[in-house]
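Engineer: Listed here are the chains, written in short residue letters.
Protein chains: 4
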Amino acid sequence: MRTKEEYIQGLSKMKRNIYFNGELIDRTDEMQMNCLNVMGTTFDEAAKPENQELMTAISHLTGERINRFTHIHQNTDDLHKKQDMTRMLCQKVGGCIQRCMGIDAVNAIYNVSYEADKMNNGATEYHENFKKWLTRFQTEDLVGCCAQTDVKGDRMLRPADQPNPGAYVYIKERLKDGIVVEGCKLHISEASVADEVMVVPTRALRPEDKDYAVAFAVPGDWDGLTQVATIHNFRPREHFKRGFMPGSTDSYMIFENCFIPWERVFLAGEHQHGGINALLFALFHRHSYSGCKPAIGDIVLGAAALAAEVNNVHKASHIREKLSELIMITELGYAAGYTASDLGSPKVFMPGKGLVPYGPGSYIPHSIYCNVGRCLTGESVFREAEILCDIAGGVVATFPHEKDFMNPETKDLLLKYTQRNPNMPVEDQAQFWRYLGDALCSAKGGIHNVGGFHGGGSPVMEQIAITTQYDIESRKKLVRHIAGMSDGDREVLAKKKD
Amino acid sequence: MRTKEEYIQGLSKMKRNIYFNGELIDRTDEMQMNCLNVMGTTFDEAAKPENQELMTAISHLTGERINRFTHIHQNTDDLHKKQDMTRMLCQKVGGCIQRCMGIDAVNAIYNVSYEADKMNNGATEYHENFKKWLTRFQTEDLVGCCAQTDVKGDRMLRPADQPNPGAYVYIKERLKDGIVVEGCKLHISEASVADEVMVVPTRALRPEDKDYAVAFAVPGDWDGLTQVATIHNFRPREHFKRGFMPGSTDSYMIFENCFIPWERVFLAGEHQHGGINALLFALFHRHSYSGCKPAIGDIVLGAAALAAEVNNVHKASHIREKLSELIMITELGYAAGYTASDLGSPKVFMPGKGLVPYGPGSYIPHSIYCNVGRCLTGESVFREAEILCDIAGGVVATFPHEKDFMNPETKDLLLKYTQRNPNMPVEDQAQFWRYLGDALCSAKGGIHNVGGFHGGGSPVMEQIAITTQYDIESRKKLVRHIAGMSDGDREVLAKKKD
Amino acid sequence: MRTKEEYIQGLSKMKRNIYFNGELIDRTDEMQMNCLNVMGTTFDEAAKPENQELMTAISHLTGERINRFTHIHQNTDDLHKKQDMTRMLCQKVGGCIQRCMGIDAVNAIYNVSYEADKMNNGATEYHENFKKWLTRFQTEDLVGCCAQTDVKGDRMLRPADQPNPGAYVYIKERLKDGIVVEGCKLHISEASVADEVMVVPTRALRPEDKDYAVAFAVPGDWDGLTQVATIHNFRPREHFKRGFMPGSTDSYMIFENCFIPWERVFLAGEHQHGGINALLFALFHRHSYSGCKPAIGDIVLGAAALAAEVNNVHKASHIREKLSELIMITELGYAAGYTASDLGSPKVFMPGKGLVPYGPGSYIPHSIYCNVGRCLTGESVFREAEILCDIAGGVVATFPHEKDFMNPETKDLLLKYTQRNPNMPVEDQAQFWRYLGDALCSAKGGIHNVGGFHGGGSPVMEQIAITTQYDIESRKKLVRHIAGMSDGDREVLAKKKD
Amino acid sequence: MRTKEEYIQGLSKMKRNIYFNGELIDRTDEMQMNCLNVMGTTFDEAAKPENQELMTAISHLTGERINRFTHIHQNTDDLHKKQDMTRMLCQKVGGCIQRCMGIDAVNAIYNVSYEADKMNNGATEYHENFKKWLTRFQTEDLVGCCAQTDVKGDRMLRPADQPNPGAYVYIKERLKDGIVVEGCKLHISEASVADEVMVVPTRALRPEDKDYAVAFAVPGDWDGLTQVATIHNFRPREHFKRGFMPGSTDSYMIFENCFIPWERVFLAGEHQHGGINALLFALFHRHSYSGCKPAIGDIVLGAAALAAEVNNVHKASHIREKLSELIMITELGYAAGYTASDLGSPKVFMPGKGLVPYGPGSYIPHSIYCNVGRCLTGESVFREAEILCDIAGGVVATFPHEKDFMNPETKDLLLKYTQRNPNMPVEDQAQFWRYLGDALCSAKGGIHNVGGFHGGGSPVMEQIAITTQYDIESRKKLVRHIAGMSDGDREVLAKKKD
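Chains as they are written, first to last, in this note's numbering: chain A, 1467 to 1964; chain B, 1467 to 1964; chain C, 1467 to 1964; chain D, 1467 to 1964.
In isolation and in its complexed conformation, chain A is listed as follows (with noise of 0.2 Å):
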């Protein structure tokens, strides 16, 4: 395994593609520092002794020991673990820990092109090749990003029939020794400090949509490839203590004429796959959200907390309410992901036919499960805001600037009318309203909440999710049964696994 430093310098070795406001940056430029910070936090605590359970595994193709972020689940003690390592890593670094894409994206591809592989009958060998990327993968720890969601041009219609075909990133040319790519991928988190970038489709497809089925993985800088991105930072502290400043990064990602040969290739044209591959990756994913979601959770309730000491409220009844409110939607995101990992398999759902096995044997959380937990976390992130905001009151948007604490002219006055609780040092009320203004009042504050509700999938996709996938029939005839309708007299037992 790697250390932060390895990880960094890696980073600094690879090749300018990356625009920022005009501007070719290093990888390593000072804007992506607090980015690499909080990605360097999996490899430092991978490192302690005491989270070796919980940030490290066996790998099951090398017998070595590697970081839980390059895993594929055995068990449901897996799924258990990355839901809690990403509820700790996230907690430390007080929002996204940013490696999830590449854990969700391995174990995605590593079921589907096992049975892509197999619906071919053996003329491919999508699996073998991802297995030898996966060891390398594994071996050398990489930091993997996911590119899913593309530009979808027109929303009215599907990826074959855009006028503009790189809407949907395709295959715009098959070769001997690999195929050619098109299209744009956007809003790809952590794309800019990835060594690896694993590509796959974002919806269901038709047959006719086949050349939009397909998945492969390339470093970050391959020829062809131009990433656009976007980097998120609060306000740099010069006079306030540190604490801990995260940052984040969005890219768009652009394929022209990008050549992939065969053994970085994982599907191309099984449209089937192509679907099942999107919703595997939503589905491990919106799983992630059940360890990050309750962190932020944990974030605003301690800030919440905080603000209502602060203020010398934290006594009155109103806050308990909304203290219990911010505790209800962490701990239900948490036990929604508690029991996907629980009851999870080497099953995905199929329309029509329910759980069925699929790929080779890892572990699958329950569908049901991660999309309960993750639509309801989506849906409260501006709720949280206004919880917090409320409990705040004006100040965190009005708060002078840190140079006025720094002048001698103001500082002491400063001072002076920001103490409130007065058993607090007045520093930590100013930096705490500082901290706050950043989360609530910033353009980070701001994405943050927009990744926060559309993120692993908006809410609504969640909810298409959860009734095509439930099985609604069988509670039809718990009624038809108990209100005498004609076909009600059947048995119906409870199942926990719809």
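These aren't lab readings, by the way, just hints derived from the structure by calculation. In this text the structure is predicted, and so the values were computed from the model without any measurement. A few of these clues could be false.
Intra- or inter-copy, both count: the list cannot distinguish identical chains.
[Stated by the list, open to error] Derived lysine-lysine pairs resembling DSS-like cross-links, with alpha carbons at most 30 Å apart:
(1) Lys1877 <-> Lys1618
(2) Lys1584 <-> Lys1598
(3) Lys1642 <-> Lys1877
(4) Lys1479 <-> Lys1514
(5) Lys1597 <-> Lys1638
(6) Lys1882 <-> Lys1819
(7) Lys1781 <-> Lys1481
(8) Lys1638 <-> Lys1877
(9) Lys1597 <-> Lys1882
(10) Lys1470 <-> Lys1598
(11) Lys1781 <-> Lys1813
Based on these hints, arrange chains B, C and D on the given structure of chain A.
Structural biologist: Below, chains B, C and D alone, put in the same frame as chain A:
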């Protein structure tokens, strides 16, 4: 284990001490039959071989197979099965299965009586007496109810400060052979169809409230006990097919100079454990709600889906959104209970100490997850009714009475104008509206909503439990660390057990 | 103007054509008396000198003083008074005053018949016929109801496409002297206690639906008309003081080969105006809701405040929050109606044209404000019930029956345990719980909720009206201007009339 | 009346007493220009003939035509016009128009100074002094701001009990020629671009708080006054067309040994009227919100409708629901203000007395309607943001920076992948996402949300005003009557003036 018939026969032999609308009634009065059918289901189903795993258990006292409703939870698997048994039975009867009060009370008293004896250094024999009582309870397969909620008089005063000492049930006199109690418990579900009544305290108690720290068990027709019952049934069905007609009851239980011999007394003055007894019964009962509320959610979902189908609008996208919301409430509530079961242990939460061992080793579900689940489902009751009303339309309120469908003058005309979905028999459509009218527009329907909201503790009680028990301090530390506050540099790790 | 007694006497002479639960009943059947008392209030109050301004008006047809419920709105002041009269009366009877259907229907037909004649270039005399009918309606102080909602059959099909042509009431035959109609209207409030029934279309119509563009008025016992009624009463009160017992009714109104002479026909084939008739009645009726829903909000607020007082928790801060929420719903609903009245004009909204003159000059309330107000109060029905349930506690569901308070065996015990607030007579507390039990836990209570949600058009109908009529384009221009989009440089001014 | 240029020239001559991020800045600093453009709009528009009715008035002091922002409301028509003027201007600048603080403060002080003099039996000349000051304010067309909110120190302590006496601005010394004040007001919008600052109390006061009952007006650069400002702008636009760039500012206003001559003092010790001054400014300001929040709702609606159109999903039914929700919030807020204007009178609410005459006869909007409207729109802020986020999708968070659209290496590729709706120029689509990114994902956007929630009083302040002032007792009487309680037989009539 008994049969339903033996159970009813047992009730028929009990003394008449139940008033209903001004009259003394028999326990097997016609008004009670729907309720007895519900309770009877717990005997019928337990007798089926396919339900043996779920509905029966091996007594840890006798080694005999017993109905699970009389069992003390020995491990997390018992907790899982209790949740699933409750959901299955509530699905069958389309509502409350009613027998959970008994299992929740025996599990609470089992632990509390043990600890009270321990605190008293053997000066009391509550636990041994309780085990003797419990042995008979298991062996004779008795139905128990739990009388917890006191009338409470002036809500601004604690028990010992009330002008009416009976505002909370209390020990009026201590005699050599037992105690004399007085007071009134209300909202006591299923008391009029129970064999045995367990009485437990309703709230935390101060030293001066010690006479209110009293727990005991007596038959439902004990001398000195009078019940005033309300009984809830849907409209009788004469023409329409019967389906399943659920009934339920609640009693005011009035104790006047009521003597309880020591062998039936399990707590008598130990105020600390009185408060724990109150919380512990509530906790077990909120765990029961993680089985019954999802079942009721299943019924609501089935009814909403059928309403959409009768109206032939089941393919509209707004229907999908509403069904999805119902599923979310249901499965988040289930997941909370699942997690509470899986993280169960022989421990209770103590303020300032966290989870500490309590009782002789039986299993208690995790409090935070029981509470967040129950709070969610309790707060959703009226929203669920709104969704049903929204999808059904006005017809649930104005659908003609049954006899208008029997009168030849109006029958055919009404059926002609009842037809909506052309693919469903019109009689079924009529039958469905009649059922839904009962559910949404009846005394029983309204009572069901109030019970779903307040039963097992109103949402505010769960909020208090949540904020009192949750480790908010550790979340504040997370934020102090990230914000750079003065004492924010300590390590804080995610702990799922708080 | 008539007295209540004259009104009831009039009903007593009508033909028996109303079925209730399988029996033909008189209009003055005991079941209907609570309902007649409500309707009677509109006569009693109009006779009081202090109510002359609010409850009577000068007919623009005859110059005589008439009951305002039969009046055509001549100006915005009439609209204001109709709103305030409705609120005042609904406060008095603690719910729906029932007579608004008539005033809303006459105002709609008055305008539509005029425009249909105009379109027909004098080939029809709908308006003159209607004025003759209306003169009698005003002079004889009749109670009118409005039969609008059709059974609608298959919701996926428009009127002319239904397999059952009577799914919407239609002109089956055109004769020299009149028309023959067939079909069934349902959810028709107060039809069983009305003198005259006005029938209007229920939706927008296509040219091929022209036989469904039919409006007419007949006495409630007209040949060819059968009613199947449901009648809604609280539990009878024998022991407790009576207070005011509101009742309400709804009918299925079935027309079979029903002949309507031309002088009673006000629309017969003009599909364009059929749709406007539907919308216009709905609009006037939503304006009525801006009077009745605030009154019901007043009742809910009063009940919630009393529940808090009986429980002696009225000083808790969470009570303040909940009462404040109730007041907000109520007064926002009232303010919407107030604004709709004040901005009223002799105009209706036409798609693509905005507000255009319509009818002979009577006043129509502003559509957007009628709709936002009605939608808010409709969507709040279940939330209001939840707040009541929350503050009241479980006692509303389990409070003993009246006769248990009359039985000397239980009476004193029950009163002893009913006492909560030491400063309020216990009989008042009992009386209050009994009333609130009727409101929250009865068939009538549930029906009241369904009616409050769907009556006058479900929230979704108001949403459609709002988005269809609101000037969204001008708001897009505002943003185009600010965002610097290509056509965003045009001037856009605030217009309150949109 | 002045021009925008004269206004800016006036500011340019003021003394530098404003700190921004550690530096003393001029009032015409580049950072402030967007803000000055907003304020300048109030001069530009008032000069247009077509706006004369709406934006100007005839001074009741001088008989001259003045900008309405300096006017004392003489009747309900003035209140209506103030609301409509505010909405029109806020629509133009896409947010807060900023000048309402002045008009709301002058109207509050105008009344309070009169009543304080009356109470003092002519011993003070506050009102005459204020009229002199106001004459100049009107004649010179000055921009006023209002410094109300104190830092408040420990929220558990009242003013006179605070360890830091300056936690609320107070009279430190009374001199022959005037008073010396000390303390700090914060969140003071537009203070850095105002000519004059009016200072008023922030809360109800006890007799012992009398030194906190102080109101006065001074120029923004007065000796003894230091401002520490935060200034809020969107990202500068270099490539994209400019549109309109709104800016805003807030100041901490620190008074140190600040001398105020008597002719500028309008209250100095009259604690009863200090509290009324606080409430009255808040009331006038909540009335302003009935103009600005609907305008902001118009902008949100326009943005949501455009986002749907860019995404080409504007015909989906869920979009209709969301737009309808936005319209409801907006027009209910407008209707509340409209009703408050129409029911305005020269009266204020006094606890226990209801509405009583106050001041020399100028018009005050109805308090209940101001409060319910402001509370609704304040509580909707985060929901509005959620709807925008929901419809827009993730692109608002990850849309590339402006310079990436200027760089020839990336420009065409980005435009290619920005195209969604085929019927809208792609540059417009880019321009729109950039604007929406500013609105949802920027410091200014977050500050706008906090301001919309807390400005003019947080929702909890409106709830307190509502429940304190509403006639809840009369509603209880209604229910007592209906329920048959002992004193429920009195007549209760609907009163809209409650």
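Engineer: All hints, please: hold or fail.
Structural biologist: Hint check results:
Taking the closest pair of Cα atoms, Lys1877 and Lys1618 come within 30 Å of each other only across two copies (19 Å); inside a single copy the shortest separation is 52 Å, beyond that limit. For the homomeric pair Lys1584 and Lys1598, the shortest alpha-carbon distance inside one copy (18 Å) is at most 30 Å, but the shortest distance between copies (62 Å) is not. Taking CA atoms no more than 30 Å apart as the test, Lys1642 paired with Lys1877 passes in neither setting, with 70 Å inside one copy and 33 Å between copies. Taking identical chains as interchangeable, the C-alpha atoms of Lys1479 and Lys1514 lie at most 30 Å apart only when both belong to the same chain, with a minimum of 27 Å there against 63 Å between chains.
Within a single copy, Lys1597 and Lys1638 get their C-alpha atoms as close as 26 Å, which meets the 30 Å cut-off; across copies the closest is 74 Å, which misses it. With identical chains, the CA atoms of Lys1882 and Lys1819 are never at most 30 Å apart, being 68 Å at best within one copy and 38 Å at best between copies. For the homomeric pair Lys1781 and Lys1481, neither the shortest alpha-carbon distance inside one copy (56 Å) nor that between copies (45 Å) is at most 30 Å. Within a single copy, Lys1638 and Lys1877 get their C-alpha atoms only as close as 62 Å, which misses the 30 Å cut-off; across copies the closest is 22 Å, which meets it.
Taking CA atoms no more than 30 Å apart as the test, Lys1597 paired with Lys1882 passes in neither setting, with 63 Å inside one copy and 36 Å between copies. Proximity of Lys1470 to Lys1598 under the C-alpha cut-off of 30 Å is restricted to the intra-copy arrangement: shortest distance 24 Å within a copy versus 63 Å between copies. For the identical chains of this complex, Lys1781 and Lys1813 are inter-copy neighbours only, at 28 Å across copies versus 49 Å inside a copy, given an alpha-carbon limit of 30 Å.
Hint violations for this structure: numbers 3, 6, 7, 9, all remaining hints satisfied.
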